[in-house]
Structure formats: structure tokens, C-alpha cells
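*Asks:* The chain contents come next:
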Amino acid sequence: NAGVTQTPKFQVLKTGQSMTLQCAQDMNHEYMSWYRQDPGMGLRLIHYSVGAGITDQGEVPNGYNVSRSTTEDFPLRLLSAAPSQTSVYFCASSSDVRGLYEQYFGPGTRLTVT
Amino acid sequence: AQSVSQHNHHVILSEAASLELGCNYSYGGTVNLFWYVQYPGQHLQLLLKYFSGDPLVKGIKGFEAEFIKSKFSFNLRKPSVQWSDTAEYFCAVMSSGSARQLTFGSGTQLTVLP
Numbered sequence: 001n002a003g004v005t006q007t008p009k010f011q012v013l014k015t016g017q018s019m020t021l022q023c024a025q026d027m028n029h030e031y032m033s034w035y036r037q038d039p040g041m042g043l044r045l046i047h048y049s050v051g052a053g054i055t056d057q058g059e060v061p062n063g064y065n066v067s068r069s070t071t072e073d074f075p076l077r078l079l080s081a082a083p084s085q086t087s088v089y090f091c092a093s094s095s096d097v098r099g100l101y102e103q104y105f106g107p108g109t110r111l112t113v114t
Numbered sequence: 001a002q003s004v005s006q007h008n009h010h011v012i013l014s015e016a017a018s019l020e021l022g023c024n025y026s027y028g029g030t031v032n033l034f035w036y037v038q039y040p041g042q043h044l045q046l047l048l049k050y051f052s053g054d055p056l057v058k059g060i061k062g063f064e065a066e067f068i069k070s071k072f073s074f075n076l077r078k079p080s081v082q083w084s085d086t087a088e089y090f091c092a093v094m095s096s097g098s099a100r101q102l103t104f105g106s107g108t109q110l111t112v113l114p
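Protein chains in written order, with my numbering: chain A, 1 to 114; chain B, 1 to 114.
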């Protein structure tokens, strides 16, 4: 299994540009999440999904959209990039199997908005 | 809403010293507790987790943590650190009403001097 994969690894955007961060998992996990990591603030939840077709907002959803058309994929869209969105973005997936809820993280995407 | 506090932002130790990193959470109901580690340039990896039962849990690489319900704490310990333990450590909580999502603390940077 590849686990959780994310593309791209690095991205530089100009203010106002849009882009999609890709996330895929091959573990048939029903739960998927997007977090952003900023120095001194830990990881904060942006959006999450409890299954295909179902998404919900996390702690910091403004400026981001998500969709979940398949179990495997959970892309994160930046509608109009702002410097405040400069961060490292992590995708994670987890499963309810055996009630363990362990989250598996992808390698991250480092985004810089100028 | 649940929250997690990690009071030590940066800890510097010499090799073979003992480690204890503090983690306190605020949530009155049932919680699942986690410690994740992030080595330089890498994604988050699970160190250990607590779901129920014995409040002293053992994880990988010689780490352990003790859940003290009365103190809302889940401190991470290691009897003797190594240079390779240099990393950032995150405590996280998953509550029963959180749709399996994690709330992270702000992280503790551990530097182990050789």
C-alpha cells in the first residue's frame, strides 16, 4: 500500500491564484481530513469527510473548498490564494475498523503565497 | 469545544537524560488520546495512543504515556533520550463527538544534544 499520498510537495502561488492540492489513500478508509501546520500553532483542521459525498468544516475552513466524490480522493481547493495561507498542508485518513481511529498522515505540501 | 495544551514549547536535553513532556486537555466526556512525532522534514507518525484500559500505555521507540483522568493529563515520558529523538512532538485528543477528528496541541520541539 502507498498509504496517503499528496501532490505537489512544494508550490508557490501569487496572491489571487487558485489551485488544488491533491490527496489520495489506498487503504479504503472512510475518514479523510485536511490540516494546516503553522509554527507554534500545531495542526489545525480545515475540512474533513466521513465518507464519499459527505464533507464538513473544521476549525479554519475559510478560503478552502473540498469535495469527496470517491473513497480514495479528497482534494483541497484554494479559491483565491492569500499570504495568510502560506503553510504546510497535511492530509490524513483513518478508519473506524475495530474502533481504533488511528489517523495516517501524508507527507505534506509546503505552500508559499507571495 | 475540546482543546489541548502543551506547555513546553522547546525542551533541550543531553543524551541519556529522562524526558517528560506535558499535555493537558479540556473536555469533560470520553476521549481518545494520542502522541505524534514529526522528525525534521517528515510527516507525522503515531508514537502511542490511549483508548481505554490500562492508563499507562507504551509506544514505539521506548516512549510511554500515562493518562490521569482526574488531572486531564496525558504526559509523554522516556527514561533515556537519544540524539535521534530530536523532533517535534504533538499531543492530540479525539472526543466522542468530534466525528473522529483530532485536536492538536501546539507542539513541543525536543532537541537532544549528543
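No lab work stands behind these hints, which were simulated from the structure alone.
Note that this is a predicted model, so its numbers are computed, not measured.
The beta-carbon is built from N, C-alpha and C at its ideal position, and this holds for glycine as well.
Hints are not guaranteed to be accurate.
Derived DMTMM-like pairs: lysine to aspartate or glutamate, alpha-carbon spacing no greater than 20 Å straight-line [said to hold, decoys possible]:
1) 69/B to 88/B
2) 61/B to 102/A
3) 49/B to 15/B
4) 9/A to 96/A
5) 58/B to 72/A
6) 49/B to 102/A
7) 49/B to 72/A
From the derived model, a few chain B residues whose C-beta atoms are all more than 10 Å from chain A [claimed, not checked]:
8) 13
9) 20
10) 42
11) 45
12) 49
13) 67
14) 75
15) 87
16) 92
17) 105
18) 107
*Asks:* Each hint needs a verdict: does it hold in this structure or not?
*Replies:* Each hint tested on the structure:
1. Between residue 69/B and residue 88/B the CA atoms are separated by roughly 25 Å; this puts the pair beyond 20 Å, and the hint is violated.
2. Annotation: proposed proximity of residue 61/B to residue 102/A holds, straight-line Cα distance about 18 Å (limit 20 Å).
3. For a cut-off of 20 Å, the pair hint linking residue 49/B to residue 15/B is broken: about 25 Å separates their Cα positions.
4. In summary, the hint linking residue 9/A to residue 96/A is not supported, as the alpha carbons are separated by about 28 Å, beyond the 20 Å threshold.
5. Under the criterion of a C-alpha separation no larger than 20 Å, the hint pairing residue 58/B with residue 72/A is inconsistent with the structure, at around 32 Å.
6. The straight-line distance between the Cα atoms of residue 49/B and residue 102/A is roughly 8 Å, inside the 20 Å bound, and the hint therefore holds.
7. For the hint linking residue 49/B to residue 72/A, the alpha-carbon distance of about 25 Å lies beyond 20 Å, and the restraint is violated.
8. Non-interface status of residue 13/B relative to chain A is upheld: no Cβ of that chain comes within 10 Å, the nearest being about 20 Å off.
9. Even its closest Cβ contact with chain A, about 19 Å, leaves residue 20/B beyond 10 Å, as expected for a residue assigned away from the interface.
10. Distance check on residue 42/B: its Cβ comes as close as 8 Å (rounded) to a Cβ of chain A, failing to clear the 10 Å threshold; non-interface status is violated.
11. The non-interface label for residue 45/B is inconsistent with chain A: the shortest C-beta to C-beta separation is roughly 8 Å, within 10 Å.
12. Residue 49/B, annotated as away from the interface, has a beta carbon of chain A within 10 Å; the closest lies near 7 Å.
13. Non-interface status of residue 67/B relative to chain A is upheld: no Cβ of that chain comes within 10 Å, the nearest being about 16 Å off.
14. Once the 10 Å rule is applied to beta carbons, residue 75/B is consistent with being away from chain A; the minimum gap is 17 Å.
15. Non-interface call for residue 87/B relative to chain A: holds, since the shortest CB-CB distance, roughly 14 Å, exceeds 10 Å.
16. Some Cβ of chain A comes within 10 Å of the Cβ of residue 92/B; the nearest lies about 8 Å off, and the non-interface call is violated.
17. Its closest Cβ contact with chain A, about 5 Å, brings residue 105/B to no more than 10 Å, contrary to its assignment away from the interface.
18. In this structure residue 107/B is not separated from chain A by more than 10 Å, as the shortest Cβ-Cβ distance comes to only about 5 Å.
When the structure is compared with the earlier hints, violations turn up for hints 1, 3, 4, 5, 7, 10, 11, 12, 16, 17, 18 and for no others.
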